[in-house]
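**Q** Single-letter residue listing:
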Amino acid sequence: MRRLILLVLLFVSLSLEAQEDGFRVTEESYNDQSVEMADAMRANGKIYVVVAVIGVIFAGIVIYTISVDRKVRKLEKEVFEEKP
Amino acid sequence: MKKNWWKILGVVLVAHALISGLLLDVPRLDILNETIRNLYFHVTMWFGMIALLTASVVYAVKYLRSGNIDFDDKSISFAKIGTLFGMLGLVTGSVWANFTWGEPWSGDPKQNASAICMLIYFAYFVLRNSLQDEQQRGRVSAIYNIFAYAAMIPLLFILPRLSPDSLHPGNGGNPGFNIYDLDIKLRGVFYPAIVGWTLLGVWIATIQFRIRSVSRALEDN
Chain X
1 MRRLILLVLL
11 FVSLSLEAQE
21 DGFRVTEESY
31 NDQSVEMADA
41 MRANGKIYVV
51 VAVIGVIFAG
61 IVIYTISVDR
71 KVRKLEKEVF
81 EEKP
Chain A
1 MKKNWWKILG
11 VVLVAHALIS
21 GLLLDVPRLD
31 ILNETIRNLY
41 FHVTMWFGMI
51 ALLTASVVYA
61 VKYLRSGNID
71 FDDKSISFAK
81 IGTLFGMLGL
91 VTGSVWANFT
101 WGEPWSGDPK
111 QNASAICMLI
121 YFAYFVLRNS
131 LQDEQQRGRV
141 SAIYNIFAYA
151 AMIPLLFILP
161 RLSPDSLHPG
171 NGGNPGFNIY
181 DLDIKLRGVF
191 YPAIVGWTLL
201 GVWIATIQFR
211 IRSVSRALED
221 N
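Sequences listed follow chains X and A, in order.
Quick note: my numbering has the first sequence finishing at residue 84, numbered continuously throughout.
Quick note: my numbering has the second sequence finishing at residue 221, numbered continuously throughout.
Simulated from the structure, these hints should not be mistaken for lab results.
Check each hint, because a few of them may be wrong.
Straight line, CA to CA, 25 Å or less: simulated DMTMM-like cross-link-like pairs of lysine to aspartate or glutamate [claimed, not checked]:
#: 1; chain 1: A; residue 1: K80; chain 2: X; residue 2: D69
#: 2; chain 1: X; residue 1: K77; chain 2: A; residue 2: D220
#: 3; chain 1: A; residue 1: K3; chain 2: X; residue 2: D69
#: 4; chain 1: A; residue 1: K3; chain 2: A; residue 2: D70
#: 5; chain 1: A; residue 1: K80; chain 2: X; residue 2: E76
#: 6; chain 1: X; residue 1: K74; chain 2: A; residue 2: E219
#: 7; chain 1: A; residue 1: K2; chain 2: X; residue 2: E76
#: 8; chain 1: A; residue 1: K7; chain 2: X; residue 2: E78
#: 9; chain 1: A; residue 1: K2; chain 2: A; residue 2: D108
#: 10; chain 1: A; residue 1: K7; chain 2: X; residue 2: D69
#: 11; chain 1: X; residue 1: K71; chain 2: A; residue 2: D70
#: 12; chain 1: A; residue 1: K3; chain 2: X; residue 2: E81
For clarity, every value in this text was computed on a predicted model and none was experimentally measured.
Starting from the given sequences, assemble the full structure and let the hints guide the process.
**A** Listed below in structure tokens is the structure:
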């Protein structure tokens, strides 16, 4: 158990040390406009998000309707084409 | 796939209405603000309803001329989805009115007339369910369908325009949406949206009809 704790602490200290002389995340990196992010999804009052949600719902309904359509076609084949 | 091109077209057109209708520029108008986009959804419901109920009455006449029960099945399928579109039109209209006219139901002549129109079509379904014999049901409901359609046209297109105080555009001395329709951007979404919603309604109606004819074939066997 002690060894395990020691090992964990060791790793934590390692990562801390690594951060000290490596790259650091600061407040500034949140405002760095030179890096491109998915800003379009947050622009214009986030209307794109709503469009995406509506698109997903519509796609779901269409896929469901297609599956119903196919099931009916299967039934039609069974009923109308296999008459004795 | 060849037979289904119109289903794909309907889905594409409605998707165009959903995406372009929310993202493209619209004229900035007082009171309406962004709700002018309802033109692509609320108004198209009514256009779709008219188209579907017209199909219903056409099949009702065809049934009366031929006595072929398939036409009666088509007629009821189109009437059902048409009435659904009408109900959605009423509900979406109430939501829109709540935020632009101040209350969901202001007793506007066009609101009242479309509600009466819905009641007339509800009576059609009650009438159908009250008759047992297939051919009798087909004949009576086809005749009622013709009367219902004949009542709907003046209720929706003539009486609201005659009344002096309607809130709807194009009625009671208000300018019609035509003024805004002249905007090519609105037209570019509005007209495809009408076609798209109508095709979607036709698709659902054909599924209904096919289920009916399958179950009829099963009963007959």
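**Q** If a hint holds in the structure, say so; if it doesn't, say that too.
**A** Here is how each hint holds up against the structure:
Between K80 of chain A and D69 of chain X the alpha-carbon distance is near 18 Å, which keeps this suggested pair within the 25 Å criterion. For the hint linking K77 of chain X to D220 of chain A, the alpha-carbon distance of about 16 Å falls within 25 Å, and the restraint holds. This hinted pair checks out: K3 of chain A and D69 of chain X have alpha carbons roughly 13 Å apart, not beyond 25 Å. Using a Cα cut-off of 25 Å, the hinted pair K3 of chain A and D70 of chain A holds, with the two alpha carbons roughly 20 Å apart.
Taking the CA atoms of K80 of chain A and E76 of chain X, the gap is about 22 Å. The hint holds against a cut of 25 Å. For the hint linking K74 of chain X to E219 of chain A, the alpha-carbon distance of about 18 Å falls within 25 Å, and the restraint holds. Taken as a hint, the K2 of chain A and E76 of chain X pair is honoured in the structure, with Cα atoms around 18 Å apart against an allowance of 25 Å. With a C-alpha separation of about 23 Å, the suggested pair K7 of chain A and E78 of chain X falls inside the 25 Å cut-off, and the hint holds.
Taken as a hint, the K2 of chain A and D108 of chain A pair is broken in the structure, with Cα atoms around 45 Å apart against an allowance of 25 Å. With a CA separation close to 11 Å, the supplied pair K7 of chain A and D69 of chain X stays within the 25 Å bound. Distance restraint check for K71 of chain X and D70 of chain A: the Cα-Cα separation of roughly 20 Å lies within the 25 Å cut-off, and the hinted pair is therefore satisfied. Our distance criterion of 25 Å between C-alpha atoms is met by K3 of chain A and E81 of chain X, whose separation comes to about 19 Å.
Going through the hint list in order, the structure does not satisfy hint 9, though it satisfies all others.
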